[in-house]
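Colleague: Okay, here's what each chain looks like letter by letter:
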Amino acid sequence: MLNINNLQVEVGGTPIIKGLTLQVPAGEVHAIMGPNGAGKSTLSYALTGRDGYEVVGGTATLNGEDLLELAPEERAAKGLFLSFQYPLEIPGVPTLTFLRTALNAQRKARDEAEISVPDFMKLSRDVAKKLGVTPEMMKRPLNVGFSGGEKKRMEIYQMALLDPRFMILDETDSGLDIDALKVVSEGVNALRGPDKGMLVITHYQRLLDHIKPDRVHVLAGGRIVDSGGPELALALEADGYDRYKDAA
Amino acid sequence: MPAVKETIETVESIADYEHGFITDIEMEMAPKGLSTDIVRYISAKKGEPQWMLDWRLAAYERWLTMQEPSWAMVNYPTIDFQDSYYYAAPKAKIELDSLDDLDPEILETYKKLGIPLREQEVLAGVKGAPRIAVDAVFDSVSVATTFRAELAKSGVIFCSMSEAIKEYPDLVRQYLGTVVPVTDNFYATLNSAVFSDGTFVYIPPGVRCPMELSTYFRINAADTGQFERTLIIADKGAYVSYLEGCTAPMRDENQLHAAVVELVVLDDAEIKYSTVQNWYPGDKNGVGGIYNFVTKRADCRGARSKVSWTQVETGSAVTWKYPSCILRGDESQGAFYSIAITNGHQQADTGTKMIHLGKNTRSRIVSKGISAGKSNNTYRGLVSAHAKAKGARNFTQCDSLLIGDQCGAHTVPYVEAKTPYATFEHEATTTRLSEDQLFYCRQRGLSTEDAVALLVNGFVREVLQELPMEFAVEAQKLVAISLEGSVG
Chain A
58 MLNINNLQVE VGGTPIIKGL TLQVPAGEVH AIMGPNGAGK STLSYALTGR DGYEVVGGTA
118 TLNGEDLLEL APEERAAKGL FLSFQYPLEI PGVPTLTFLR TALNAQRKAR DEAEISVPDF
178 MKLSRDVAKK LGVTPEMMKR PLNVGFSGGE KKRMEIYQMA LLDPRFMILD ETDSGLDIDA
238 LKVVSEGVNA LRGPDKGMLV ITHYQRLLDH IKPDRVHVLA GGRIVDSGGP ELALALEADG
298 YDRYKDAA
Chain B
167 MPAVKETIET VESIADYEHG FITDIEMEMA PKGLSTDIVR YISAKKGEPQ WMLDWRLAAY
227 ERWLTMQEPS WAMVNYPTID FQDSYYYAAP KAKIELDSLD DLDPEILETY KKLGIPLREQ
287 EVLAGVKGAP RIAVDAVFDS VSVATTFRAE LAKSGVIFCS MSEAIKEYPD LVRQYLGTVV
347 PVTDNFYATL NSAVFSDGTF VYIPPGVRCP MELSTYFRIN AADTGQFERT LIIADKGAYV
407 SYLEGCTAPM RDENQLHAAV VELVVLDDAE IKYSTVQNWY PGDKNGVGGI YNFVTKRADC
467 RGARSKVSWT QVETGSAVTW KYPSCILRGD ESQGAFYSIA ITNGHQQADT GTKMIHLGKN
527 TRSRIVSKGI SAGKSNNTYR GLVSAHAKAK GARNFTQCDS LLIGDQCGAH TVPYVEAKTP
587 YATFEHEATT TRLSEDQLFY CRQRGLSTED AVALLVNGFV REVLQELPME FAVEAQKLVA
647 ISLEGSVG
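Chains as they are written, first to last, in our numbering: chain A, 58 to 305; chain B, 167 to 654.
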């Protein structure tokens with residue numbers, strides 16, 4: 058599914074990702090953990106094509122298709138979704154307007170018919186119910202005046218509505234209290250499937266109690282320095298990242 | 167009136183002598199330049215009564231003593247007022263053989279706005295197209311007559327200014343120039359001397375005008391031309407909503423436009439005035455385009471009268487425009503909602519004046535300026551309270567959005583309070599269209615252009631909501647189109 062080979066990324070001329078190799082097969086959830094400044098967010102921006110994150114070497118493909126050649130919106134239409142660490146506020150644009158526009162743009166890019174308004178309304182209501190998103194939130198301008206937790210919930214809501222094939226969750230647990238974490242994790246788990254993949258970027262183990270990963274990777278100094286099963290995350294929680302200092 | 171006849175003959179002989187006319191429209195254009203003869207010629211051509219001619223001549227004499235204002239933040243080459251035409255009959259526009267001769271970018275815009283082909287031909291002025299197309303599009307005869315009949319039933323007068331001068335001279339003489347005096351400013355005085363035509367509306371006491379009045383529907387009845395003059399009177403307890411302009415860019419040979427709009431609002435009456443202005447802004451290099459110098463003012467003469475100005479300004483090379491409210495009647499209310507978009511090399515200096523004279527008068531200003539490309543966008547607004555305006559209140563919100571790093575946004579508020587019992591609030595923000603927001607939208611699948619359109623429409627939403635429904639939908643499309651290509 059997602060295949061990253063010897064990826065090198067620079068930001069403002071400074072190398073951040075220095076030869077990263079990673080495979081996430083369909084049906085699996087992989088976690089990326091690492092200390093601050095390890096390049097976790099850079100990886101998510103480079104994969105989604107943000108300006109200023111310059112790929113200077115290596116490859117990244119999704120289901121065999123080269124991602125790095127595509128514009129961000131084309132990658133989105135191929136089914137790549139990023140749940141942002143800091144979701145943006147879009148003043149004056151009602152949440153549902155934003156989502157219907159986005160969904161139809163993706164469908165159009167895939168040569169699919171636009172979703173009708175009644176179908177969209179039904180879909181948006183069904184998904185909202187599962188994630189504890191209130192009708193009031195859906196009518197407000199996207200993320201404007203939302204609390205940190207509400208914004209994260211809105212990210213997962215968008216993810217569920219757009220139904221992507223590969224999902225990157227960047228620090229989704231930050232800003233969530235325990236109850237919200239549970240609701241969001243259930244939402245995420247519901248999106249797992251045999252033909253879907255997920256990359257969960259997190260600093261802490263606690264999210265992985267709720268979203269159980271198949272594999273855990275440690276990112277330090279711009280490279281994957283260790284990989285293992287879910288037990289690796291528990292070890293990290295106990296010992297910290299100090300032992301990878303030299304490896305980087 | 168032999169003198170007038172003589173003038174016409176003289177002018178026509180000058181016209182014959184002075185080269186430069188296309189033969190088949192010879193009779194419909196006065197020679198270039200401005201003089202008392204030209205003023206007389208215009209008045210005679212329109213068959214105006216003596217009082218109107220005297221009014222025009224007085225304005226012309228006054229204009230000769232005035233200086234062009236230079237305080238606005240706009241730059242343009244010095245206008246040679248003797249090098250312009252001041253009278254051209256409606257059909258004197260240079261006709262195109264077909265739409266193929268039109269600037270392809272304008273054609274592209276028509277397509278995006280979804281304007282039917284025949285209507286495009288009318289807007290562009292294609293030879294032979296006008297009458298049939300207008301009929302086809304608007305079904306002019308039936309629409310016009312149905313409208314007129316329905317309006318007449320309620321006593322509403324809605325006609326061209328020329329017609330009003332002949333048919334309703336008492337009303338015109340009572341109100342014309344009482345809101346924007348002949349001596350008001352350089353461009354208004356010029357307009358008073360040479361105005362070509364415009365719209366006249368009178369709503370009798372207690373009447374709620376049964377439909378939105380629009381110049382667009384009048385397009386076939388009278389071409390509004392270069393120096394438009396509009397006068398709207400809402401008598402006691404009357405209400406009218408008036409729409410000016412249209413979203414399609416009008417091709418126009420006249421570079422200089424100087425319109426005057428006067429609104430008179432009596433006790434308990436209300437006027438809503440909405441404008442969409444999308445004249446030719448010039449090409450990519452800033453060559454050509456309309457200079458738009460407009461004076462618009464409302465006089466809330468009566469107690470509890472109300473006026474709201476809503477404008478969407480996307481066109482013209484230079485815009486100089488300050489729709490204002492004189493809040494004379496006690497408890498009268500004024501509002502100004504504005505979207506001004508500049509792109510390319512456009513320059514806009516626009517805003518409003520809220521002049522509080524009566525007690526407990528209220529005003530509200532919401533201005534959204536968007537600058538892209540190499541353009542400059544200035545909000546200039548005055549809020550003042552007279553010594554007697556006890557309890558006056560104003561709220562001003564002025565937001566600017568910058569797209570790119572070569573454009574400018576400027577806010578110039580003037581505040582004068584001569585009473586301690588007035589409350590004025592002013593909020594202003596300037597933001598740049600953020601890369602973060604754009605990326606966020608693109609990650610969700612929107613193209614850069616769709617993302618800009620969505621973000622900008624969000625920014626101006628508060629003002630769009632003030633427009634009548636069908637106008638708002640068109641304006642929303644227009645906002646997107648005017649900013650195309652503004653983000654790399």
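These are calculated hints, taken from the structure and not from any lab test. Small disclaimer: the values here were computed from a predicted structure and weren't measured. Just so you know, not all the hints are guaranteed correct.
DSSO-like cross-link-like pairs, simulated, lysine-lysine; straight-line CA separation at most 30 Å [unchecked claim]:
#, chain 1, residue 1, chain 2, residue 2
1, B, LYS332, B, LYS212
2, B, LYS438, B, LYS643
3, A, LYS135, B, LYS643
4, B, LYS438, A, LYS196
5, A, LYS179, B, LYS332
6, B, LYS540, B, LYS584
7, B, LYS556, A, LYS196
8, A, LYS165, B, LYS643
9, B, LYS540, B, LYS438
Listed next, the stretches of chain A that the computed footprint assigns to chain B, with coverage defined by at least 3 CB atoms under 8 Å from CB atoms of chain B [as the list claims (entries may be wrong)]:
#, segment
10, 67 to 73
11, 111 to 118
12, 134 to 144
13, 240 to 250
Just so it is clear, CB atoms sit at the ideal spot from N, CA and C, and this is done for glycine as well.
Colleague: With reference to the structure, classify each hint as holding or not holding.
Modeller: Comparing the hints with the structure gives:
1. Note on B/LYS332 and B/LYS212: the hinted pairing holds, with a Cα-Cα distance of about 10 Å set against a maximum of 30 Å.
2. Between B/LYS438 and B/LYS643, the direct Cα distance comes to roughly 22 Å. Compliance with the 30 Å bound is thereby established for this hinted pair.
3. With a CA separation close to 28 Å, the supplied pair A/LYS135 and B/LYS643 stays within the 30 Å bound.
4. Taking the CA atoms of B/LYS438 and A/LYS196, the gap is about 28 Å. The hint holds against a cut of 30 Å.
5. Distance hint between A/LYS179 and B/LYS332 is unfulfilled; the C-alpha atoms sit about 60 Å from each other, more than 30 Å.
6. With a CA separation close to 40 Å, the supplied pair B/LYS540 and B/LYS584 exceeds the 30 Å bound.
7. For the hint linking B/LYS556 to A/LYS196, the alpha-carbon distance of about 40 Å lies beyond 30 Å, and the restraint is violated.
8. Pair hint A/LYS165 plus B/LYS643 holds up; C-alpha atoms about 19 Å apart against a cutoff of 30 Å.
9. The hinted pair formed by B/LYS540 and B/LYS438 fails the criterion: a straight-line CA distance of about 33 Å is larger than 30 Å.
10. For the segment 67 to 73 of chain A, the stated coverage by chain B is violated: 0 residues have a C-beta nearer than 8 Å to a C-beta of that chain, whereas at least 3 were required.
11. With 0 residues having a beta carbon nearer than 8 Å to a beta carbon of chain B, the segment 111 to 118 of chain A misses the requirement of three or more and the stated coverage is violated.
12. Counting residues of the segment 134 to 144 of chain A whose CB falls under 8 Å from any CB of chain B gives 5; the rule of at least 3 is met.
13. Residue count for the segment 240 to 250 of chain A with a Cβ under 8 Å from a Cβ of chain B: 0. That is fewer than the three needed, and the coverage hint is violated.
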